[in-house]
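S.K.: Sequence:
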Amino acid sequence: MFSTNEQKLQEIKALMLPVMRKELGAKAYGLTDDQIFSPQIPSYTKLFDMNMKWSFRLIKPDIPKEVREIEHQIKQLKVSRDMLELDKEYVLNKLKRMLRKFSESSLTRYIQLKHEVEKRTTEPTMLEETTTPESESSQITSPKQLIYHDKMINFWAENFFNENNELSPSIADFWNNNYRIIYLEQKPDDIKLKMLKDNYFDELKANSDTILSNEELENKWKEARKSKEDSIKSINQRIKRFNQREVPNSVREINKAIMELRLSREFYEIFSTEEAARLFKKAVDPYSDKDLLMWDSLFSNVVYTDRDTPFGKRTQIIFENTKFYHQRYKTWTPRFKDASSSKRKMECDDTKTVDELMDRIKGLSIQNEEAWRNQKKSSQEADEFWEKEKPNERKLVEECQAQIKKFKNVGQRLYQLYQDIEDLRLSKAFYWANFEKKLKMYTDAAAKYTDEEVITFWNTL
Numbered sequence: 001m002f003s004t005n006e007q008k009l010q011e012i013k014a015l016m017l018p019v020m021r022k023e024l025g026a027k028a029y030g031l032t033d034d035q036i037f038s039p040q041i042p043s044y045t046k047l048f049d050m051n052m053k054w055s056f057r058l059i060k061p062d063i064p065k066e067v068r069e070i071e072h073q074i075k076q077l078k079v080s081r082d083m084l085e086l087d088k089e090y091v092l093n094k095l096k097r098m099l100r101k102f103s104e105s106s107l108t109r110y111i112q113l114k115h116e117v118e119k120r121t122t123e124p125t126m127l128e129e130t131t132t133p134e135s136e137s138s139q140i141t142s143p144k145q146l147i148y149h150d151k152m153i154n155f156w157a158e159n160f161f162n163e164n165n166e167l168s169p170s171i172a173d174f175w176n177n178n179y180r181i182i183y184l185e186q187k188p189d190d191i192k193l194k195m196l197k198d199n200y201f202d203e204l205k206a207n208s209d210t211i212l213s214n215e216e217l218e219n220k221w222k223e224a225r226k227s228k229e230d231s232i233k234s235i236n237q238r239i240k241r242f243n244q245r246e247v248p249n250s251v252r253e254i255n256k257a258i259m260e261l262r263l264s265r266e267f268y269e270i271f272s273t274e275e276a277a278r279l280f281k282k283a284v285d286p287y288s289d290k291d292l293l294m295w296d297s298l299f300s301n302v303v304y305t306d307r308d309t310p311f312g313k314r315t316q317i318i319f320e321n322t323k324f325y326h327q328r329y330k331t332w333t334p335r336f337k338d339a340s341s342s343k344r345k346m347e348c349d350d351t352k353t354v355d356e357l358m359d360r361i362k363g364l365s366i367q368n369e370e371a372w373r374n375q376k377k378s379s380q381e382a383d384e385f386w387e388k389e390k391p392n393e394r395k396l397v398e399e400c401q402a403q404i405k406k407f408k409n410v411g412q413r414l415y416q417l418y419q420d421i422e423d424l425r426l427s428k429a430f431y432w433a434n435f436e437k438k439l440k441m442y443t444d445a446a447a448k449y450t451d452e453e454v455i456t457f458w459n460t461l
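full-length UniProt numbering applies: residue 1 is where the sequence shown begins, and numbers increase by one.
By construction, these hints were calculated from the structure, which means they are not laboratory data.
It cannot be assumed that every hint is accurate.
[Said to hold, decoys possible] In silico SDA-like pairs for lysine to any residue, Cα to Cα no more than 25 Å straight-line:
| no. | residue 1 | residue 2 |
| --- | --- | --- |
| 1 | Lys144 | Lys290 |
| 2 | Lys405 | Tyr418 |
| 3 | Lys220 | Pro18 |
| 4 | Lys94 | Asp49 |
| 5 | Lys290 | Leu279 |
| 6 | Lys448 | Lys256 |
| 7 | Lys281 | Asp306 |
| 8 | Lys101 | Leu113 |
| 9 | Lys330 | Met358 |
| 10 | Lys323 | Ala445 |
| 11 | Lys240 | Lys144 |
| 12 | Lys194 | Ile239 |
| 13 | Lys53 | Ser43 |
| 14 | Lys323 | Ala447 |
| 15 | Lys323 | Thr333 |
| 16 | Lys187 | Leu113 |
| 17 | Lys448 | Glu422 |
| 18 | Lys96 | Leu212 |
| 19 | Lys440 | Arg344 |
| 20 | Lys240 | Ser170 |
| 21 | Lys226 | Lys281 |
| 22 | Lys290 | Asp306 |
| 23 | Lys65 | Pro42 |
| 24 | Lys337 | Asp359 |
| 25 | Lys256 | Gln244 |
| 26 | Lys345 | Lys240 |
| 27 | Lys345 | Asn409 |
| 28 | Lys96 | Lys144 |
| 29 | Lys437 | Tyr325 |
| 30 | Lys323 | Asp359 |
| 31 | Lys187 | Ala172 |
| 32 | Lys440 | Ala371 |
| 33 | Lys281 | Lys194 |
| 34 | Lys281 | Ala371 |
| 35 | Lys13 | Leu58 |
| 36 | Lys388 | Ala371 |
| 37 | Lys194 | Leu212 |
When you get a sec, could you build the whole thing from the sequences and use the hints?
M.R.: As structure tokens, this is what we get:
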């Protein structure tokens, strides 16, 4: 027997009022039950309507059984103890493992149905990031435009809005505080873990029907601690990406502004993706498109996304490749840099066979090792080193020869771009330059090539 929306609201009201009064504390004094619960009714009613549409769509005869099974598995995960007690990263990994059981066609169909029912139009329905469709070229108002601005705003606003839709009001503040501690508190990991423990205890106490003893709280913490530690480690990797010296301070500032919005009660209480987009746009408006471009890349941990224009992708590729070599060269001595460059040039000499190169490269390989260790080898030590190193060196030669062949196969201009970048990054001028100078040198070297050629170059590497 189906419950009416009114019956559902009464059941939810009975469950949520004790929790809401506890959360409000002194603010609830003098308020009636209706005054406390009424502001939540529109969001619950919207969820009822959406769920009804979704349920009716799933039972139509054109929906394969496996698509319905995906929904069943996701629902089981939603109501599991893991969703309440463990961190988002842990649950997300569990969801990914579960989804691997299903075919790509069924997963794509499931996403298409979700978009159809919720009337989303801002993102592709494929599971993987796609290249920017031709129809989006109309969004480019300037050859130097870096991002599809509305698409970027809408994507992240919807992404964060949908994450919030998975949180009940009783745990939202605790969830937000959990990630506020990890993202925004400038404290050592052990202090963060202590703060997470306190927040976890507050959450357990607020959502328990009975008074929990200290022993019960500690036992639950033992179960949850590992996932909290994993969350700290995972998010620390993201924070580390933003803290790289080469990343402009304005990108760290936009990340802080976005996280403060994302983890706010104001953002949780919005009712639509349109309102989410409005708030997201307001948060990022003080920053440039270049800041948003770089934030998107660092937050997603990819070089570029389909929210970037071709010029934006080009900009990110040049920045990331320059940063890679700049960070690599920071620990190299001039002597080791010269030895390494000479060895690399010989490894990539495609006018000779691999065997011919192996006969000639022994001396350079030994010089390279001596420069790295800053220690001269005796003849016997050099011969012993070469016998051990020979298989590794052959592999390096074969890899470079294969890479050259790959670039020649995609066209003369792409091969020439590859050679131009190799010549640049092996040069003494590039080695001695600071990061900003290196970035300009790389940009200038790639200037005669189109955005598409630079993107293809990167994807061919």
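S.K.: Could you run down the list of hints and mark each one as holding or not?
M.R.: Comparing the hints with the structure gives:
1. Lys144 <-> Lys290: Holds - the C-alpha atoms of Lys290 and Lys144 are around 11 Å apart, at most 25 Å.
2. Lys405 <-> Tyr418: holds, 11 Å
3. Lys220 <-> Pro18: holds, 22 Å
4. Lys94 <-> Asp49: Violated - the C-alpha atoms of Asp49 and Lys94 are around 28 Å apart, more than 25 Å.
5. Lys290 <-> Leu279: At roughly 20 Å apart (the allowed maximum being 25 Å), Leu279 and Lys290 satisfy the hint.
6. Lys448 <-> Lys256: violated, 37 Å
7. Lys281 <-> Asp306: Measuring from Cα to Cα gives roughly 19 Å; hence the hint holds.
8. Lys101 <-> Leu113: Between Lys101 and Leu113 the Cα gap is close to 19 Å, so the pair holds against 25 Å.
9. Lys330 <-> Met358: violated, 29 Å
10. Lys323 <-> Ala445: The hint holds at about 15 Å.
11. Lys240 <-> Lys144: Status violated; Cα separation ~29 Å.
12. Lys194 <-> Ile239: Status holds; Cα separation ~19 Å.
13. Lys53 <-> Ser43: It holds: about 16 Å lies between the C-alpha atoms, which stays within 25 Å.
14. Lys323 <-> Ala447: holds, 18 Å
15. Lys323 <-> Thr333: holds, 18 Å
16. Lys187 <-> Leu113: Status violated; Cα separation ~43 Å.
17. Lys448 <-> Glu422: holds, 16 Å
18. Lys96 <-> Leu212: violated, 33 Å
19. Lys440 <-> Arg344: Given that 25 Å is the threshold and the Cα spacing comes to 24 Å, the pair holds.
20. Lys240 <-> Ser170: Roughly 32 Å between the alpha carbons, so the hint for Lys240 and Ser170 is violated.
21. Lys226 <-> Lys281: violated, 36 Å
22. Lys290 <-> Asp306: holds, 15 Å
23. Lys65 <-> Pro42: violated, 33 Å
24. Lys337 <-> Asp359: holds, 22 Å
25. Lys256 <-> Gln244: Cα-Cα ~15 Å, so holds.
26. Lys345 <-> Lys240: Status violated; Cα separation ~33 Å.
27. Lys345 <-> Asn409: Holds. Lys345 to Asn409 sits at ~20 Å (cutoff 25 Å).
28. Lys96 <-> Lys144: Violated - the C-alpha atoms of Lys144 and Lys96 are around 37 Å apart, more than 25 Å.
29. Lys437 <-> Tyr325: holds, 13 Å
30. Lys323 <-> Asp359: violated, 34 Å
31. Lys187 <-> Ala172: holds, 23 Å
32. Lys440 <-> Ala371: violated, 29 Å
33. Lys281 <-> Lys194: violated, 34 Å
34. Lys281 <-> Ala371: violated, 52 Å
35. Lys13 <-> Leu58: At roughly 28 Å apart (the allowed maximum being 25 Å), Leu58 and Lys13 break the hint.
36. Lys388 <-> Ala371: holds, 18 Å
37. Lys194 <-> Leu212: Between Lys194 and Leu212 the Cα gap is close to 19 Å, so the pair holds against 25 Å.
In this structure, the earlier hints numbered 4, 6, 9, 11, 16, 18, 20, 21, 23, 26, 28, 30, 32, 33, 34, 35 are contradicted, and the remaining ones agree with it.
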